[in-house]
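Engineer: The lines below spell out each chain.
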Amino acid sequence: MFELRAIEKRFDAVVALNGAHLHVEPGEIRALLGSNGSGKSTMIKVLAGLVNPNKGEILIDGEPVEIHSGQDSRRLGIATAFQDLSLVPTMSVRDNILLGNEPCNKFGIVDRKAGDDLIDALLARFHIDCDPNAYVQTLTPSTQTMLEVAKAVSLKPRLLLLDEVTAALHYDEIEVLFSVMRELKEEGVAMIYVTHRMNEVFQVCDTTTIMRSGETVTEGKMSDFTLDDIVYYMTGQRPEKGDGTAAHGHFHAEDKTPLLDVKNLSIFPRVRDLSLRAYQGEIIGIGGLQGQGQSEFIRALLGAEPFQEGTIEYDGRSVAFKSPAQAVKGGMGFISGERNREAMFPLRTIEENILAGKVAKGNLFAYMTPKSNHAFANDAVEKYSIKIGELGHPASSLSGGNQQKLVVARWIAMQPKLLLLDDPTKGVDIHSRQEIHKILRQCADEGMTVIISSSESEELLSISDRIYVFYEGCVSAMLSGDKKTPEMLVAAMMGMTGGSQTSEEGVQS
Amino acid sequence: MIKNAFDRFRRSPAFAGFILFLVALVLNAVLQGPASFFTVKSINTLFAKNAPFIIVTVAQSLLLIAGTMDISCGVQVALVNVVIIMAGQTLGLPFIVCCILGVGVAVLASLACWICCSVFRLPALLASYALTYIIKGINVMIMDVPQGKVDKVFYKAYDSQILGFIPVSALFIVGVLIIWLYVRHNRFGTHIYAVGANPRNAFAAGISPMKVQLKAFVLKGIFIGVAGICITLMIASGNPLQAEDYGIRSLSACILGGLGFGGWGNVACAVFGSGFYVLIQNSVYYFFSLLVKLIPGFAVTSYWQNFVSDIIIFLGLLMTIVTAKGQRQALKEGIVRQFRRSDRHYDEPTAAKKGGDGNE
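Residue numbers (this note's numbering), protein chains in the order written: chain V, 1 to 509; chain P, 1001 to 1360.
Just chain V, with the same shape it has in the complex (with noise of 0.2 Å):
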């Protein structure tokens, strides 16, 4: 038996995980489930060894122990199939399985005939039709997934986490891992079962517990659990009765032109067929799971990224951006959650990160006077209250929260027709949040479109006025007016809605 108690892990001022527990026995399929951002991945890391909580203890037959790596937790039995994968892209198919795990005769050497056995009885169970010797990174993202949980399987666990495996599976491939589990059941084998399918889960799963923003909300029976129970542990809130269908909320410009016209945009490989619009002065919300598309279709919005069929319409043109300046003359700006990354120069002064997208805009050698330059700094900094210490201090000497304020503070002062924000709140304290709420809102009153994606719901459902769901690369949802409620939102973003197209064709007719 395992047990995960009262564990609690902050990053920084973010709370990952507060007091919540977890127990699973041997032959039991547990699904552990919530929404974005309430922890699951998290848990699944502790016990994984990649996350050392703050507190709490993990039980394993009433024993507490520790761990600290992925030694620590491979020494206890305890296996793990990544979402995000822990497969080495350049290595082949045999040494990633084997990976950790090498059967060695006496000198030390590999032995590749017990290798070669395990993996060919390996690969059997679980369908794979694939060359042990074939790099990792030349097979599909689905036969990859496999790869993952097989390879957890092959380390005999007495306890097997899943975490979101079925998300890049298809079908057949899905009854395949579930048969597994089953025998894996039968020989005693227990399972934390992660996923966002609900179907799945009464498939498959025994009991389950679900966790809301770093707790444990509930647990239980599989079958004392409803649909409609489900969701409104993970929300919160009772959805209301209904088919679930989203239906699609007439926006009231419909005779204006709008300012973003995309029609069936795919890019490779995350997103199939998107069609979005955005009209003058509205502030569309961009929902869904982690990697549904959603940064994709932002980065190709921007030239960031290439796209291969579909049509992008702004401002009365069709456009194809070949790199983020060009779409930046055409009166786009960009703000990233990814501060350090893709927004920040944290060595630089603070007046210089506000100047930033400014000297971006004008001449190259535009002659800029030190008096005007702070001036404009100081505006900005006044205008949407950063807490600064000096304009000449460091951006990185900044909280996270005043750190985006400022890159916010920096692309608005350009005057966009079009603000793409990507998780812009990501790790940001939700004071600074509501101020860079308030900040949008002006804008868009201004006359502004702002387009935010968002992995956290209640933000999505403050501020748009629409809300697009991405689920696997499509859209799922277009949610508006009084269809916009955290369990439309929920259930759109698990893909449960049966007209993904029908909604669509409605904006658009």
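Hints may be right or wrong, so weigh each one.
[As the list claims (entries may be wrong)] Dumping the calculated BS3-like pairs for lysine-lysine here, alpha-carbon to alpha-carbon at most 30 Å: (1) Lys156(V) <-> Lys1003(P); (2) Lys1003(P) <-> Lys113(V); (3) Lys1041(P) <-> Lys1136(P); (4) Lys1215(P) <-> Lys106(V); (5) Lys113(V) <-> Lys1049(P); (6) Lys1136(P) <-> Lys1215(P); (7) Lys106(V) <-> Lys1211(P); (8) Lys1211(P) <-> Lys156(V); (9) Lys1049(P) <-> Lys1149(P).
These are calculated hints, taken from the structure and not from any lab test. Fair warning: this is a prediction, and the values are worked out from it, not measured in the lab.
Using the hints provided, position chain P relative to the given structure of chain V.
Structural biologist: Below, chain P alone, put in the same frame as chain V:
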């Protein structure tokens, strides 16, 4: 069977390096004249002169696979040389003991680099570059001017051939490769690739990246020690300021041979890469002596030879970018094709879920 093996080789990272090596080999043989190239003497000279460089390249490849590097390899070779000579000269130790001492010092120098790169996580390029100057300083402290000598028995033996045709210097290279072969086939041999390609995933698989890199650095230290012994036997004296360029040259030889930064390539890449390097320099030498013979009154300094051979090596490096790009492109197209194929599978159930409207 043979076709299969060739096919595998064709797709292996070492293939481009092998072609370069072959071209350089033919070029060298033609320019020198096959009759004089394929003689025991000429082959022996080639190995004796270049064994240290080839061994350093093999050592460097080990680090590249493990996702790190050491530019100070070159001065470490000089360090070994200096230690061997001075230990014999001032302490009066027998030559073999001095050699073992030299290898030990090389391992220590390697560990210093490991501490910088793996423990403190400094960028390997910068850390080992800085280390170059520290080690160079130590070299000069141990031996201020070139001096010393090696017993005639030893350097004569290095320059001789076994059975009349196998150069002894080549045996050093073979020895290093045998060690590598053993290592490649135990667990460390796979772990090193995992750590180089993706330390996080290796960690998740229960491997300690720091420990694996420690082993890689120790092994590299031993190889450098062997290279140091070779260079001592080659010049039969001590010089604190030699071989510094081996560091950066071994790196470019690895890239020429098809090694990538971190987890891509194998030791054959290093062998072919350094072979190409050596043969091109040799060819250019013979090319210029040919010019001297053909054009009366033609005379240039040896700088021109270096210039031409360096340009050829630079072109070789450019080539690797082109081939790498081609490989990536082919790979991507392959994945797209697989993806499209599986996409069809994927659409069927989705369509069915929608009520199979008119699909049947």
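Engineer: Keeping to a limit of 30 Å between CA atoms, is the pair of Lys1136(P) and Lys1215(P) held or broken?
Structural biologist: Roughly 24 Å separates the two Cα atoms, so the pair holds.
Engineer: If you draw a straight line from the CA of Lys106(V) to the CA of Lys1211(P), is it 30 Å or shorter?
Structural biologist: holds (22 Å)
Engineer: Check the hint pairing Lys113(V) with Lys1049(P) against an upper bound of 30 Å on the C-alpha distance.
Structural biologist: violated (41 Å)
Engineer: Holds or violated: Lys1041(P) with Lys1136(P), Cα cutoff 30 Å?
Structural biologist: violated (34 Å)
Engineer: With the threshold set at 30 Å, check whether the alpha-carbon distance from Lys1049(P) to Lys1149(P) stays at or below it.
Structural biologist: holds (18 Å)
Engineer: Check whether the Cα positions of Lys1003(P) and Lys113(V) lie no farther apart than 30 Å.
Structural biologist: Holds - the C-alpha atoms of Lys113(V) and Lys1003(P) are around 23 Å apart, at most 30 Å.
Engineer: Within a Cα-Cα threshold of 30 Å, do Lys1211(P) and Lys156(V) meet the stated pairing?
Structural biologist: Holds, at about 25 Å.
Engineer: Need the status of pair Lys156(V), Lys1003(P): alpha-carbon distance at most 30 Å?
Structural biologist: violated (38 Å)
Engineer: For the pair supplied as a hint, Lys1215(P) and Lys106(V), confirm whether the alpha-carbon distance does not exceed 30 Å.
Structural biologist: holds (20 Å)
Checked against the numbered hints given earlier, this structure breaks hints 1, 3, 5; the rest are met.
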